[in-house]
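*Asks:* Read off the chains here:
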Amino acid sequence: MVGTVSEVATPTVRSLDVSVRLSIGTLGLGVELRTDRRAVAIVGPSGAGKSTLLRVLAGVERRATGKVEMSGRTWLDTKRGVFLEPWDRRVGWVPQNDLLFPHMSVRENMAFAGASASDVEETAELLAVRPLLERRPRNLSGGERQRVALGRALLARPELLLLDEPFSALDRPLRLDLVQRVHALAERAGIMLVLVSHDDGDTAAMAEERWLLVEGQLNRL
Amino acid sequence: MVTPRPGSALPSLIPRASRRAQFSALIGCAALFAPVAARGQAAAPAQAPILVLAAASLSDALPAVARLWEARGGAQVEFSFAATSRLAPLTLQGNADLFISADREWMDWVVKGGGAKAEDIVPLLGNSLVVAVPAGTESPPRTLAEVVALPRLALAGEAVPAGRYARAALEAAGLWDEVEGRVVRGESVRSALEWVARGEAAAGIVYRTDMPVTPGVRLAFAIPPEVSPAIVYPGVVLASAPNAAAAGEFLAFLRTAAAQEVFIAAGFEPPISRPPAAPPQAGPVENPGSAILLSLVVGLAATLLGLVPSVLLGRLLARREFAGKALVSTLILMPLVLPPVVTGFLLLTLFGTRGVFGPALGAFGITVPFTLIAPVVAAVVVGLPFYVLAARGAFEAVDARLEEVSWTLGVRPRSTFFRVVLPLAVPGIAAGAVLAFARALGEFGATVVLAGNVEGRTRTIPLAVYSLLESPGGSGGAWVLAGVSVLLSLLALAGFEGLSRWQKKRLEEWSGR
Numbered sequence: 028m029v030g031t032v033s034e035v036a037t038p039t040v041r042s043l044d045v046s047v048r049l050s051i052g053t054l055g056l057g058v059e060l061r062t063d064r065r066a067v068a069i070v071g072p073s074g075a076g077k078s079t080l081l082r083v084l085a086g087v088e089r090r091a092t093g094k095v096e097m098s099g100r101t102w103l104d105t106k107r108g109v110f111l112e113p114w115d116r117r118v119g120w121v122p123q124n125d126l127l128f129p130h131m132s133v134r135e136n137m138a139f140a141g142a143s144a145s146d147v148e149e150t151a152e153l154l155a156v157r158p159l160l161e162r163r164p165r166n167l168s169g170g171e172r173q174r175v176a177l178g179r180a181l182l183a184r185p186e187l188l189l190l191d192e193p194f195s196a197l198d199r200p201l202r203l204d205l206v207q208r209v210h211a212l213a214e215r216a217g218i219m220l221v222l223v224s225h226d227d228g229d230t231a232a233m234a235e236e237r238w239l240l241v242e243g244q245l246n247r248l
Numbered sequence: 199m200v201t202p203r204p205g206s207a208l209p210s211l212i213p214r215a216s217r218r219a220q221f222s223a224l225i226g227c228a229a230l231f232a233p234v235a236a237r238g239q240a241a242a243p244a245q246a247p248i249l250v251l252a253a254a255s256l257s258d259a260l261p262a263v264a265r266l267w268e269a270r271g272g273a274q275v276e277f278s279f280a281a282t283s284r285l286a287p288l289t290l291q292g293n294a295d296l297f298i299s300a301d302r303e304w305m306d307w308v309v310k311g312g313g314a315k316a317e318d319i320v321p322l323l324g325n326s327l328v329v330a331v332p333a334g335t336e337s338p339p340r341t342l343a344e345v346v347a348l349p350r351l352a353l354a355g356e357a358v359p360a361g362r363y364a365r366a367a368l369e370a371a372g373l374w375d376e377v378e379g380r381v382v383r384g385e386s387v388r389s390a391l392e393w394v395a396r397g398e399a400a401a402g403i404v405y406r407t408d409m410p411v412t413p414g415v416r417l418a419f420a421i422p423p424e425v426s427p428a429i430v431y432p433g434v435v436l437a438s439a440p441n442a443a444a445a446g447e448f449l450a451f452l453r454t455a456a457a458q459e460v461f462i463a464a465g466f467e468p469p470i471s472r473p474p475a476a477p478p479q480a481g482p483v484e485n486p487g488s489a490i491l492l493s494l495v496v497g498l499a500a501t502l503l504g505l506v507p508s509v510l511l512g513r514l515l516a517r518r519e520f521a522g523k524a525l526v527s528t529l530i531l532m533p534l535v536l537p538p539v540v541t542g543f544l545l546l547t548l549f550g551t552r553g554v555f556g557p558a559l560g561a562f563g564i565t566v567p568f569t570l571i572a573p574v575v576a577a578v579v580v581g582l583p584f585y586v587l588a589a590r591g592a593f594e595a596v597d598a599r600l601e602e603v604s605w606t607l608g609v610r611p612r613s614t615f616f617r618v619v620l621p622l623a624v625p626g627i628a629a630g631a632v633l634a635f636a637r638a639l640g641e642f643g644a645t646v647v648l649a650g651n652v653e654g655r656t657r658t659i660p661l662a663v664y665s666l667l668e669s670p671g672g673s674g675g676a677w678v679l680a681g682v683s684v685l686l687s688l689l690a691l692a693g694f695e696g697l698s699r700w701q702k703k704r705l706e707e708w709s710g711r
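First to last, the sequence lines map onto chains D and X.
Following this note's numbering, the numbering of the first sequence begins with 28 at its first residue and continues without gaps.
Following this note's numbering, the numbering of the second sequence begins with 199 at its first residue and continues without gaps.
Just so you know, these hints were derived from the structure itself, not from any lab.
Yeah, the Cβ is synthetic: ideal placement off N, Cα and C, and Gly gets one too.
There may be inaccurate statements among the hints.
Said to hold, decoys possible - Listing some non-contacts, in silico: residues in chain X with all C-beta distances to chain D over 12 Å:
#1 Val346
#2 Val425
#3 Leu449
#4 Phe451
#5 Asn485
#6 Leu498
#7 Leu503
#8 Val526
#9 Ala561
#10 Ser604
#11 Val609
#12 Val624
#13 Ala692
Stated by the list, open to error - Part of the chain D face toward chain X, derived, beta carbon under 10 Å:
#14 Glu112
#15 Arg117
#16 Phe128
#17 Pro129
#18 Phe139
#19 Met233
Work out the full structure, taking the sequences as your base and the hints as a guide.
*Replies:* Set out below in C-alpha cells:
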C-alpha cells in the first residue's frame with residue numbers, strides 16, 4: 028500500500044462488463060450490465076437479488092456462471108474456467124450488516140488490509156469517525172459502524188467499491204454530506220462505485236447512472 | 199438350572215472360543231454390584247436361589263458343579279464372579295449367601311469385619327501357579343531366574359490373591375527385588391494373561407486352572423513347590439446369608455467326590471495344608487503424591503496434544519462438506535459412547551507392541567503399553583470428543599460473512615483464519631480444552647487396559663483410588679485422593695463454566711448491536 032487514498036490515481040479508464048446467471052432456490056438472476064461511469068446505482072424492491080449481485084461481483088458467491096470483466100481484467104469467465112479469488116480482485120465490499128470484526132478496535136478494523144496509521148487517520152477524519160478510533164464496534168451506533176466499514180473497504184484501495192444500503196442508518200443531512208464526500212473521494216482515487224438501494228432516494232440520486240433490478244432482470248433507467 | 203444374572207456371571211455364558219471378550223467383562227466392576235443390589239427381601243423360603251460370590255478363577259468349574267447340584271434337586275445357584283479382593287467388601291453388604299475366596303487373607307478380613315464366623319470356614323480346593331508365555335515363544339524360560347530376566351512380567355493386581363501368591367513365590371525365590379520394576383499388574387489373572395497372549399508381557403505368573411481357558415498362551419513351567427505358597431480356596435456361609443441352610447448344603451456338596459472330580463478335571467487340586475502365603479508387606483499405593491502429579495501431567499499433556507487435532511477437526515466439521523463427513527464425525531464421537539474398557543482394548547490392538555502400529559513405533563524406540571505414553575494416549579482419545587465438539591461449536595458460531603469480508607480486503611483464507619476466525623473461537627476452544635482435561639483426570643477404563651497400573655509410571659488418581667479400595671485398610675488413602683479428585687474436577691468445571699460464559703458474552707456482544 029503506497030500513497031494515500033485521496034491521492035490522485037493514474038488516470039485509467041474504469042469499465043465494468045457483467046453478464047452473469049445464477050439461480051439459488053427461488054431466486055433467478057440473469058443480469059447484463061455494461062458501464063464506464065464512476066458511480067452506478069442499482070435500485071429495486073427487496074428480494075430482487077441486489078445483494079446477491081454484489082456478492083457475485085465481490086467473488087464471495089461462487090455459484091454464478093457467465094462473465095465479469097473489470098477494466099479489461101477478467102474476474103470471472105466460466106467458459107474459460109476463470110475465477111479470480113476475492114483476495115486477488117481489488118474489490119471493496121460493504122455488506123448491509125456492516126460486519127466489523129468484533130474483537131478489534133475501530134482503528135484495527137480500518138487498518139485490517141494493511142493501511143498505514145496516517146492513512147487510517149485521514150480516512151477516519153473524512154468519514155467523521157476519528158474520535159472513535161480506539162473504541163470497539165459494540166460501542167458504536169449503526170451509522171458509525173456503517174462509516175467504519177466503508178472506511179475499512181476504502182483503505183484496501185479497491186478498483187470497484189460495492190456498497191449495500193451504505194447510509195441507511197444515517198439521518199438525512201449527514202447522509203447527503205457523506206454521499207458527497209465518498210463520491211468526491213472515489214472520483215479522485217479512480218474508484219468505481221456500485222451502490223445498492225431499495226428505494227430511488229438520495230443515495231441513488233447522486234449516481235450518474237441508475238439501473239432497476241426486478242425479478243432478476245436488470246434494466247437501465 | 200444355573201442362571202447367571204445379566205452382566206454378573208458373564209464369563210460362564212461365553213463359549214471358550216471367545217474368552218477374550220471375558221477380559222473386558224471381568225474388568226467391568228460396575229456390573230458386579232448389580233446382583234447384590236438387585237437381590238431384595240423377596241427370597242421365598244422354599245426354593246430361594248443361593249447367591250454365591252466366588253473368586254474369578256472358579257468361573258468355569260463352579261457353574262459346572264452347580265449344574266450337577268441342581269440336577270440332583272438342589273436349590274438354584276446364582277453367581278457373581280470377580281477378583282476376591284473385589285468381592286470381599288460385598289460380603290459385608292448382607293445379601294449374599296456364600297463366599298468362596300481365593301486366599302485365606304481375604305477370608306480372615308471378612309471374619310474380622312463380622313461377615314462370617316471363623317469356625318464356619320471350610321477349605322475347598324487347592325490350586326498352583328505356573329508361568330505362562332505367548333503361544334509363539336520359541337525358547338520359553340525354564341526357571342524363575344530366566345523369567346525375571348525377561349523385559350516384562352504380568353501379574354494380577356497386588357491385592358488380588360493370584361497377584362499376592364505370585365509375589366510370595368518370587369520373594370521365596372529371592373528374585374522379587376530384581377523383577378519388581380518390570381512387573382505390570384492386571385486387574386485380574388485373566389487381564390494379566392491377556393497381555394501375555396498379546397505379547398505385551400513376555401511372561402505371566404498365573405493359576406494353572408487359567409491356562410486351558412485362555413487362547414494364545416502356553417504353559418512354560420510350573421512354579422516349583424519349594425517356593426510356591428500354599429494356595430487354598432476357603433468357602434464360608436456368610437453370617438447374614440438370607441438362604442443359609444441351602445447355602446450350607448451346597449457348600450457341603452462342593453466337598454463331595456462328585457464335585458471334586460469336576461474341579462480336578464479343571465486343574466484344581468484337593469486342598470493341602472501348608473502355611474499360608476505371606477501377607478503383603480506394603481500397601482498397594484505407596485505414594486499418593488505421585489498419582490496426583492501423574493494425573494496432572496497426563497491431563498496437561500493430553501490437553502496440549504489434543505489442541506491442534508481438535509481445532510483442525512472442529513473447523514473441518516463446522517465449515518466443510520465432504521464425502522465421509524458423517525463417518526469422521528462418528529469415529530471421533532465413538533469414545534463418548536463406547537465403554538472405556540472397550541476403547542482401551544481397541545487402543546491396545548492399535549498401539550500394543552504387536553498391534554497395528556506397535557512394530558512401527560517400536561522401530562523408533564517408542565513403547566506405548568505400560569509406559570507414560572499409554573495413559574496420555576488413552577486420555578487424548580477419550581477427551582477428543584469433548585474437545586472437537588466444543589471447537590466445532592465455536593467455529594460454527596463465527597459468522598461466515600466475516601471471513602468473506604476479510605477475503606475482499608485482500609486477506610487470504612489462511613491468514614483470515616488466524617486473524618479473524620481463531621480469535622473469535624478461542625473461548626469456545628478453551629472451554630473444550632478444560633473439559634478434555636477434566637475427562638483426562640477421570641479416565642480409568644481405557645487406561646487400566648492400555649497402561650496397566652504401575653506405581654509412578656501409569657498409576658493416575660483413579661487407578662490409585664481403585665487399588666486402595668481393593669486393599670484392606672486402604673480407605674484412608676482413598677479418601678485423600680478422592681478429595682483431591684473432587685477438588686480438581688470442581689476447579690475444571692468452574693473453569694469450563696467461566697469460559698462458556700465468556701464465549702456467550704462475546705457472541706451476544708456482536709450480534710445484539
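*Asks:* Hint by hint, note whether the structure agrees.
*Replies:* Structure-based check of each hint:
1. Val346: holds, 61 Å
2. Val425: holds, 70 Å
3. Leu449: At roughly 74 Å from the nearest Cβ of chain D, X/Leu449 sits farther out than 12 Å, so the non-interface label holds.
4. Phe451: holds, 77 Å
5. Asn485: Consistent with the label, X/Asn485 stays out of reach of chain D, its closest Cβ about 46 Å off (over 12 Å).
6. Leu498: Fine: 27 Å to the nearest Cβ keeps X/Leu498 off the interface.
7. Leu503: holds, 27 Å
8. Val526: Given that every Cβ of chain D is farther than 12 Å from that of X/Val526, nearest at about 24 Å, it holds.
9. Ala561: holds, 43 Å
10. Ser604: The claim is violated: X/Ser604 sits with its nearest Cβ about 7 Å from chain D, within 12 Å.
11. Val609: violated, 6 Å
12. Val624: violated, 9 Å
13. Ala692: It holds; X/Ala692 is separated from chain D by about 24 Å at its closest Cβ, greater than 12 Å.
14. Glu112: holds, 7 Å
15. Arg117: holds, 8 Å
16. Phe128: With a minimum Cβ separation of about 6 Å from chain X (threshold 10 Å), the hint on D/Phe128 holds.
17. Pro129: Holds: closest Cβ of chain X sits about 3 Å from D/Pro129, inside 10 Å.
18. Phe139: holds, 6 Å
19. Met233: violated, 23 Å
Consistency with the previously given hints fails for numbers 10, 11, 12, 19, ordered from lowest to highest.
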